[in-house]
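2 protein chains.
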Amino acid sequence: MRKTGSIFLFLCFLLCAVGYTAEGSGDLLEQAKKFFSPLPSDMATAQNPITPAKVRLGKILFYECRISVDGTVSCSKCHPFSLYATDGLRKSIGNNCRPNPRKAPTLFNAAAQLSAPWIGNRKDVEDQAKQALVGPPSFGMPSYESVEKKLIELGYSPLFKDAFPNDGKPVSADNFAKAVGAFERTLVTPAPLDDFLKGEKTALTEAEQKGLKLFIDTGCVACHSGAYIGGQAYRKFGIFEPYWKYTKSDKIDDGRYAVTKDEADKYIFKVPVLRNVAKVPPYFHDGSVDKLQDVVVIMAKIQLGKDLDRLTVDNIVTFLDSLTGKIPEDLIKVPLLP
Amino acid sequence: MRKTGSIFLFLCFLLCAVGYTAEGSGDLLEQAKKFFSPLPSDMATAQNPITPAKVRLGKILFYECRISVDGTVSCSKCHPFSLYATDGLRKSIGNNCRPNPRKAPTLFNAAAQLSAPWIGNRKDVEDQAKQALVGPPSFGMPSYESVEKKLIELGYSPLFKDAFPNDGKPVSADNFAKAVGAFERTLVTPAPLDDFLKGEKTALTEAEQKGLKLFIDTGCVACHSGAYIGGQAYRKFGIFEPYWKYTKSDKIDDGRYAVTKDEADKYIFKVPVLRNVAKVPPYFHDGSVDKLQDVVVIMAKIQLGKDLDRLTVDNIVTFLDSLTGKIPEDLIKVPLLP
Chain A
1 MRKTGSIFLF
11 LCFLLCAVGY
21 TAEGSGDLLE
31 QAKKFFSPLP
41 SDMATAQNPI
51 TPAKVRLGKI
61 LFYECRISVD
71 GTVSCSKCHP
81 FSLYATDGLR
91 KSIGNNCRPN
101 PRKAPTLFNA
111 AAQLSAPWIG
121 NRKDVEDQAK
131 QALVGPPSFG
141 MPSYESVEKK
151 LIELGYSPLF
161 KDAFPNDGKP
171 VSADNFAKAV
181 GAFERTLVTP
191 APLDDFLKGE
201 KTALTEAEQK
211 GLKLFIDTGC
221 VACHSGAYIG
231 GQAYRKFGIF
241 EPYWKYTKSD
251 KIDDGRYAVT
261 KDEADKYIFK
271 VPVLRNVAKV
281 PPYFHDGSVD
291 KLQDVVVIMA
301 KIQLGKDLDR
311 LTVDNIVTFL
321 DSLTGKIPED
331 LIKVPLLP
Chain B
1 MRKTGSIFLF
11 LCFLLCAVGY
21 TAEGSGDLLE
31 QAKKFFSPLP
41 SDMATAQNPI
51 TPAKVRLGKI
61 LFYECRISVD
71 GTVSCSKCHP
81 FSLYATDGLR
91 KSIGNNCRPN
101 PRKAPTLFNA
111 AAQLSAPWIG
121 NRKDVEDQAK
131 QALVGPPSFG
141 MPSYESVEKK
151 LIELGYSPLF
161 KDAFPNDGKP
171 VSADNFAKAV
181 GAFERTLVTP
191 APLDDFLKGE
201 KTALTEAEQK
211 GLKLFIDTGC
221 VACHSGAYIG
231 GQAYRKFGIF
241 EPYWKYTKSD
251 KIDDGRYAVT
261 KDEADKYIFK
271 VPVLRNVAKV
281 PPYFHDGSVD
291 KLQDVVVIMA
301 KIQLGKDLDR
311 LTVDNIVTFL
321 DSLTGKIPED
331 LIKVPLLP
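Taken in sequence, the protein lines are chains A and B.
The numbering of the first sequence is my numbering, which starts it at 1 and goes up by one.
The numbering of the second sequence is my numbering, which starts it at 1 and goes up by one.
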């Protein structure tokens with residue numbers, strides 16, 4: 001009798017637990033849907049529609065290093081897909097060992113942000129791609145004409161003609177930018193969160209759901225929301241305390257002030273996209289923090305004025321880990337250059 | 001009657017031509033088989049047998065830049081597959097912008113050579129991979145121990161355990177070398193010549209066959225023969241005249257003398273593999289010549305004492321073009337790093 005009672009109690013407990021979890025997921029799903037949405041299949045725009053020929057060319061150009069002043073810089077140099085489209089460095093290294101002012105952000109799920117890259121000094125990925133060609137710490141070419149000349153010498157004319165059939169002068173820096181941009185607009189990496197948001201409640205483990213709930217309740221979603229979990233707004237880095245008090249920054253970066261010269265824009269940066277965040281250390285605009293755990297502690301402290309306990313931090317990191325997406329097979333194939 | 005006669009004559013001509021070509025190919029095939037053999041399916045050795053786990057690890061390590069002193073150097077930096085496993089530079093650039101002494105040779109079809117890389121200062125690809133880790137102009141790490149520590153930190157232990165299941169200390173520089181070497185020993189790129197050598201006479205076009213015949217008859221096969229069309233011997237570069245008289249070399253390279261300190265080894269280099277030669281400019285150990293046409297002229301002049309006419313040069317280049325191989329699908333997939 002006692003044994004039967006125990007089994008009965010255990011079954012009751014089990015049913016309650018299952019009921020709780022299911023209902024919990026249901027609530028959480030509704031709550032999550034208020035802040036997040038699933039990734040789209042691409043990030044195309046009306047200004048730069050995606051065509052197969054343009055994406056094919058863009059992918060090839062992404063790996064083309066011979067159009068940099070010393071022959072060593074391509075888009076893939078600072079955004080290798082082996083490291084989730086960033087390079088693992090605090091600050092990327094361009095031609096002739098020139099350091100870039102900030103860390104290379106991942107290009108996965110990046111093209112739909114309000115601007116590029118950290119301080120919005122580039123309008124979009126196309127603008128970034130074009131200006132990189134003549135940027136002193138990136139490709140470092142003397143002029144757009146010199147890039148165009150080199151592209152023609154390398155045999156790119158037929159590929160540009162295919163990609164821009166109605167253009168009288170297909171080989172141009174503008175079309176380089178459009179092709180690379182079109183390719184970048186295909187770089188989406190769906191993660192379990194997307195399945196969860198579409199209603200598949202088991203797509204996230206219980207621990208990940210717990211982390212998601214804490215991510216929402218702690219207030220991280222105030223900035224990190226939407227399909228990309230960031231990327232849609234500028235925010236001051238260090239609201240409660242200066243960021244450099246907690247990071248290992250080698251210097252203070254004025255942030256968006258460099259673009260606007262408006263005092264109010266000091267220490268303002270674009271909110272980074274958190275998709276694949278576990279795979280793209282070191283963190284922040286200056287790569288000054290190595291571990292995601294530390295990032296969560298610092299962000300809660302200086303953005304939200306909260307001291308998180310270790311367990312909460314670990315739970316949030318578990319959720320952030322689950323934002324690591326699947327890289328489509330086709331994306332990881334290296335193209336052969338002409 | 002006149003028309004019938006013409007047709008008859010034309011048919012006779014056609015039959016003779018076909019007969020000639022077929023017999024010509026037949027002769028050429030027999031002749032070619034004396035000098036060349038088809039590529040094997042891999043370049044495994046008894047010292048470093050290929051296993052799937054070892055190749056998988058080797059491929060990942062091939063892209064690993066975080067084990068270099070400044071985080072920018074991986075095997076793929078100087079041997080990107082987008083440029084047929086070389087980098088398009090006269091001299092490769094290693095960590096902190098340090099120039100390497102010579103051009104990066106392609107790694108495709110390279111692992112079966114008598115030594116590595118240009119002057120045989122490395123025993124084989126495994127030796128090259130290992131020494132590169134601490135080589136000042138390549139990875140530049142302070143010691144093998146520092147590499148091993150970093151590999152463990154990065155989470156490589158399970159991958160090394162899989163690849164070297166019977167090794168008490170799987171994460172080691174020696175096993176790094178074996179894994180990368182095993183991967184490199186899979187880098188074979190079969191070309192139309194291989195089908196031709198196996199008896200498929202139409203695998204090479206008539207123009208390519210003409211070039212092949214000229215390549216043989218001119219005497220290029222004295223050095224460039226075997227499955228790899230080179231890579232099996234050391235030879236003086238500049239037998240009839242000094243090489244620097246014809247190249248745009250910035251300095252005179254003593255060649256193998258640097259290894260042996262034997263005066264007889266001055267200006268002696270390993271005969272390079274010619275597979276994919278059309279895809280791997282600039283040419284020679286110092287990348288001092290840009291065009292394959294010029295290379296053929298120079299080689300005939302200074303190695304064979306011959307002045308080739310333009311048509312012969314073009315025909316030989318047509319043959320060399322046909323040595324561009326097919327890169328297996330699997331090879332061009334970039335692995336995601338741990």
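Derived by calculation from the structure, the hints in this document are not laboratory data.
All residues carry an ideal CB built from backbone N, CA and C; glycine is no exception.
Each hint should be verified, as a subset may be incorrect.
Said to hold, decoys possible - Partial list, computed: chain B residues near chain A (C-beta under 7 Å): (1) VAL69; (2) GLY71; (3) THR72; (4) PHE81; (5) LEU83; (6) GLY88; (7) ARG98; (8) LYS149; (9) TYR246; (10) TYR257; (11) VAL259; (12) THR260; (13) LEU311; (14) VAL313; (15) ILE332.
Less than 7 Å between beta-carbons is the criterion; does GLY88(B) satisfy it with respect to chain A?
Interface hint status for GLY88(B): holds (5 Å vs cutoff 7 Å).
Let's test the interface hint: is any C-beta of chain A closer than 7 Å to that of TYR246(B)?
violated, 23 Å
Quick check on the hint: THR72(B) CB to chain A CB, less than 7 Å?
holds, 6 Å
When the nearest CB of chain A is found for ARG98(B), is that gap smaller than 7 Å?
Interface hint status for ARG98(B): violated (9 Å vs cutoff 7 Å).
Can you verify the interface hint for GLY71(B): is its Cβ closer than 7 Å to any Cβ in chain A?
Holds: closest Cβ of chain A sits about 5 Å from GLY71(B), inside 7 Å.
Hint check: 7 Å Cβ-Cβ cutoff, ILE332(B) to chain A:
holds, 5 Å
The hint names VAL69(B) as touching chain A; please verify it with the least Cβ-Cβ distance against 7 Å.
Violated: closest Cβ of chain A sits about 12 Å from VAL69(B), beyond 7 Å.
Under the criterion of a CB-CB separation shorter than 7 Å, is LYS149(B) in contact with chain A as hinted?
violated, 15 Å
Hint validity - THR260(B) Cβ closer than 7 Å to any chain A Cβ:
This hint is violated: THR260(B) lies away from chain A, its Cβ roughly 32 Å from the closest one there, beyond 7 Å.
Given LEU311(B) as an interface hint, is its Cβ closer than 7 Å to any Cβ of chain A?
violated, 24 Å
Against chain A, with CB atoms and a cut of 7 Å, does the hint on TYR257(B) hold up?
The hint is violated - TYR257(B) has no Cβ within 7 Å of chain A, the shortest such distance being about 29 Å.
Do the numbers back the hint for PHE81(B), that is, is its least Cβ distance to chain A under 7 Å?
Holds - the Cβ of PHE81(B) comes within 7 Å of chain A, reaching about 5 Å at its closest.
Of the numbered hints stated above, those contradicted by the structure are hints 1, 7, 8, 9, 10, 11, 12, 13 and 14, listed in ascending order.
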